[in-house]
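A.B. asks: Residues per chain are reported as follows:
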Amino acid sequence: MTTTQLPVVEGLFTWPPSESEPLRLIGSECTACGLVSFPAASDCVRCASDESKIRLLADRGTLWTYTTQNFRPPSPPYDGPGTFEPYSVGYVELAGELLVEARLTEPDPEKLRIGQVMRLTLVPYAVRDDGTEVMTFAFAPVEESIPVEEFAQTEPVEEAS
Amino acid sequence: MTEAVIIGVGLHPFGRFPGKPAMDMGADAVRLALADAGVTWPQIQGGYVGSFEVANPDAIVGKLGLTGVPLRGVFNGCATAGTAVALAARAIETGEHDLTIAIGLDKHPRGAFAADPSVAGIPSWYGQTGLFLTTHFFGMKINRYMHDHGISHETLARVASKNFRNAAGNEKAWRRTPLTPEEILASPILNYPLRQYMYCGPDEGAAALVLCRADQAHKYTSTPVRIRSTSLRSRRLGAFEVQSPSFPVGEPVVSPTVDAAREAYERAGIGPEDVDVAQLQDTDAGSEIIHMAENGLCKDGEQERLIAEGATEIGGRLPVNTDGGLLGNGEPIGASGLRQIHEIVLQLRGTAGTRQIPGTPRVGYTHLYGAPGVSAVTILST
Numbered sequence: 258m259t260t261t262q263l264p265v266v267e268g269l270f271t272w273p274p275s276e277s278e279p280l281r282l283i284g285s286e287c288t289a290c291g292l293v294s295f296p297a298a299s300d301c302v303r304c305a306s307d308e309s310k311i312r313l314l315a316d317r318g319t320l321w322t323y324t325t326q327n328f329r330p331p332s333p334p335y336d337g338p339g340t341f342e343p344y345s346v347g348y349v350e351l352a353g354e355l356l357v358e359a360r361l362t363e364p365d366p367e368k369l370r371i372g373q374v375m376r377l378t379l380v381p382y383a384v385r386d387d388g389t390e391v392m393t394f395a396f397a398p399v400e401e402s403i404p405v406e407e408f409a410q411t412e413p414v415e416e417a418s
Numbered sequence: 017m018t019e020a021v022i023i024g025v026g027l028h029p030f031g032r033f034p035g036k037p038a039m040d041m042g043a044d045a046v047r048l049a050l051a052d053a054g055v056t057w058p059q060i061q062g063g064y065v066g067s068f069e070v071a072n073p074d075a076i077v078g079k080l081g082l083t084g085v086p087l088r089g090v091f092n093g094c095a096t097a098g099t100a101v102a103l104a105a106r107a108i109e110t111g112e113h114d115l116t117i118a119i120g121l122d123k124h125p126r127g128a129f130a131a132d133p134s135v136a137g138i139p140s141w142y143g144q145t146g147l148f149l150t151t152h153f154f155g156m157k158i159n160r161y162m163h164d165h166g167i168s169h170e171t172l173a174r175v176a177s178k179n180f181r182n183a184a185g186n187e188k189a190w191r192r193t194p195l196t197p198e199e200i201l202a203s204p205i206l207n208y209p210l211r212q213y214m215y216c217g218p219d220e221g222a223a224a225l226v227l228c229r230a231d232q233a234h235k236y237t238s239t240p241v242r243i244r245s246t247s248l249r250s251r252r253l254g255a256f257e258v259q260s261p262s263f264p265v266g267e268p269v270v271s272p273t274v275d276a277a278r279e280a281y282e283r284a285g286i287g288p289e290d291v292d293v294a295q296l297q298d299t300d301a302g303s304e305i306i307h308m309a310e311n312g313l314c315k316d317g318e319q320e321r322l323i324a325e326g327a328t329e330i331g332g333r334l335p336v337n338t339d340g341g342l343l344g345n346g347e348p349i350g351a352s353g354l355r356q357i358h359e360i361v362l363q364l365r366g367t368a369g370t371r372q373i374p375g376t377p378r379v380g381y382t383h384l385y386g387a388p389g390v391s392a393v394t395i396l397s398t
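Residue numbers (this note's numbering), protein chains in the order written: chain A, 258 to 418; chain B, 17 to 398.
The shape of chain B in the complex, shown without the other chains (with noise of 0.2 Å):
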């Protein structure tokens, strides 16, 4: 099978931009990608694109150009930009196309999802009595993981800081103001033990990736980075998951993510103990800490000391969320798990800037996870 690898990454910043429709800014980080892979637009032969607010994504062909191209749009919600990713590859590595593009764009109003609780197949009532917010599931998760592992409150606060201070040296980020985990601890409970500053908030922006055949990248870029695996996969009966009014009692069952990664690392032939640097889904401080283990990348109850030692800051052990994460960057659904790509390849390449880890990285690791219970994982090397 011919391997895919990204020869171009492209981002618009993420925050907030009055009067700047998704789509122009989608139309911005595509011709960044472009631009890095040395193609035009014209070249590209296919490719996917994902949006939560923009009904037809696929309608950028009137920015980029009408040539034709099939550019389908994919949704799987918080993980949408894993399967834009996925299928972009896929199309290569089943020798379909030799270029192809993933491309996610966001624009959301201010302030936590809303929705009527039938997009997720759930009746109304479960929204009309203030139950259907993800950011319940969150609080409840964490205030779990805490109760059975030892996780503290000043850990929770230690990795929204972390994040924040990732994102001040990120120019493209949106929270860029460092806090310490004093003021963290500080701020107003949102949902217990989850504080205001310890929640990614939903904002604006875009990415974009260029793909092509290994054995025709260097024709475009002497610094390839190859896609060795990617994994979506969604939640199992028993798990306990975002948006259940119930779920079984008996034997726990292991969430999407445990899945999605075990299946990523066989398929990649890697393991957890060779990833250099990961993006994690941090949608709250208490996710990434999660996310760690069920990620394979720690043992349950072991990220207090981890991260008390620093062992995930960018000059650490293994350095997490080194752009600042969904903390530091927002969350436009769409595109941000291309940004999280997008920062594992500058960091493969060696370009990340001051925010650069230390020594060679060659394997780089992105986890996505959403609404109703879906993760997708993604296993990058030099």
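Bound conformation, chain A alone (with noise of 0.2 Å):
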């Protein structure tokens, strides 16, 4: 049996990922001013133009700060399952374009440290009861043998918005 996933919303990383559109954050870059935001603005919290295009983001980055969450966030807005697992949050810096907020997949903290590679990836955060899985983005740590410049070549994709 299959199981079925769904994104949290649409627009917010490229769904369903695939060999030719890989998963990406699905960002913005002011034509004006080059500000990239996250999640995507119509508007530019810099130069207030209101011109964008859609940028994919980088889907590699390098840990600038992390917490845990050992508590289950009250409910709502968390949607998250009942039987509570805790989970670990961070700052993931892409490089050139902005930090980013996300889950992580390692919820010790004691095996997270500031300046490690992070790569982009999805994590089932809830389960529906007709078991759905619903789906968000989050970074995982790379294996410290996975040489950093293998990822230093990542160059955002543009699309027209």
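Please keep in mind that the hints were generated in silico from the structure rather than gathered at the bench. Hints are supplied without guarantee of correctness; some may be wrong.
Claimed, not checked - To spell it out: a stretch of chain A is covered by chain B in this simulated footprint if at least three of its residues, at any positions, have a beta carbon under 8 Å from a beta carbon of chain B; those stretches are:
1) 289-298
2) 316-329
To be verified - Covered stretches of chain B, going by a simulated chain A footprint (3 or more residues, C-beta under 8 Å):
3) 55-63
4) 151-157
5) 248-261
6) 383-390
From a predicted model like this one, the values you see are computed outputs, not experimental measurements. The beta-carbon is built from N, C-alpha and C at its ideal position, and this holds for glycine as well.
Put the complex together from the two separate chains, hints included.
C.D. replies: If you want it as structure tokens, here you go:
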């Protein structure tokens, strides 16, 4: 049986990820001043221009800071499972783009460190009554053995909005 | 310009008061402030009242007297009281009124603040997926700060221990049981590296201040406390702030606390070296440490040594949160900043009892910070 998966919301990340359209966060770039925003914003908070284009953000970055969530967040707005499993969150710096806040796949703070290389992934943060997994973006630590240089060439992919 | 001075302060205890509405706590605080000033409600010419939970805090006139007084509601999150006192002072400085009041009251349910992200202009997915918690920001900011500036977990615990100890000497405080740093470090982690006893909790309470023209203060008191400056600043692009799904790369931009502090010092003609006693937003133990530096009271990283030496204790060189701060009192949002000023007024009058700092303090400093990245500073002096 195949588990059905849905994104928490359309337009946050490429969905469904595929060979031709791999997983990326969907940000925006101000066409006047170049400020990169996430989630995609129609108006620029730097120059107040209202013209922007979609920009798919880098899928690798470095961990800038992190913390853990050791109690179930107030619900609503949280709609994760009633049986709570602690998770961690952090800001990942996408070079030349922005720092993005995200859930991290590693819940143990002792196994995280500032500056470590992270890669974009998806996690089923909630499961609906019919078994549908609700997916959101997260960052996972990259194994130390993988050279950083391998990811340094990741170019942002741009599309017209 | 006419200067505004504080001639009366009133504080309803902070904590849990089942069955007592926030409005009644507010009315109690106002009556205490009026009695302290030696004035009656009909003499109040204008005022500002702040609350998070009470939609119409200006309805407090129904408890105090229907005099037709212009009482305006204000709200800036955790910095709400900074706005109430700033505008109550401004009404005097501009000559609009001679006698004004600033009021704050709140009654929060137990636990972390819960709201839909839309109240902060943030999409729903941010709340659904468990990112919309201000406590995350505090954990992440102090985690990075500890990494950059060599602050230890023990120092976090010392700050919390000091504030609970100060609260123990404050009959109006909420968390009055002293805790050792060891007990604090043994409490469960809520948001790494912050533990249960390193966080303040939302609670209930109210506070009020009566202000008048400096040149009329002699009619009411021999110990007026001067409002030397007020400042409120919001976050600038590039600052690492609460409730931000992302923020730009590039040169770091300072917190609105730094902007508000600089502006307040400049307007007052007072420098950080002149401050005798400070009340800093200690939403958590890490916040107090960071805010010491952001308010110019020390350099980044110096806190490790200063706190170990006891510099921020009541008998230290720079006493911080002598009434227990938010950790000891909890945070009824609308009232929290007026509680800070209440304590400074007592300290500058020399009437803080067992909490009184030694010597003759002349300058007091109060600081608020909260969502969505806004900070308010008030500088007071004798």
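A.B. asks: Please go over all the hints and tell whether each is borne out by the structure.
C.D. replies: Going down the list of hints, with the structure as the test:
A stretch counts as covered by a chain when three or more of its residues have a beta carbon under 8 Å from one of that chain; for the segment 289-298 of chain A and chain B the count is 5, and the coverage holds. By the rule of at least three residues with a Cβ nearer than 8 Å to a Cβ of chain B, the coverage given for the segment 316-329 of chain A holds, with 8 such residues. Only residues whose C-beta sits within less than 8 Å of a C-beta in chain A count toward coverage, and the segment 55-63 of chain B has 0 of them, not enough to reach three; the restraint is violated. Look at the segment 151-157 of chain B against chain A: 4 of its residues bring a Cβ nearer than 8 Å to a Cβ of that chain, three or more, so the hint holds.
Requiring three or more residues with a Cβ within less than 8 Å of a Cβ of chain A, the coverage given for the segment 248-261 of chain B holds, as 4 such residues are present. Coverage of the segment 383-390 of chain B by chain A is violated. Counting CB-CB distances below 8 Å, 0 residues qualify, and the rule asks for three or more.
Violated hints for the displayed structure, listed by number in ascending order: 3, 6.
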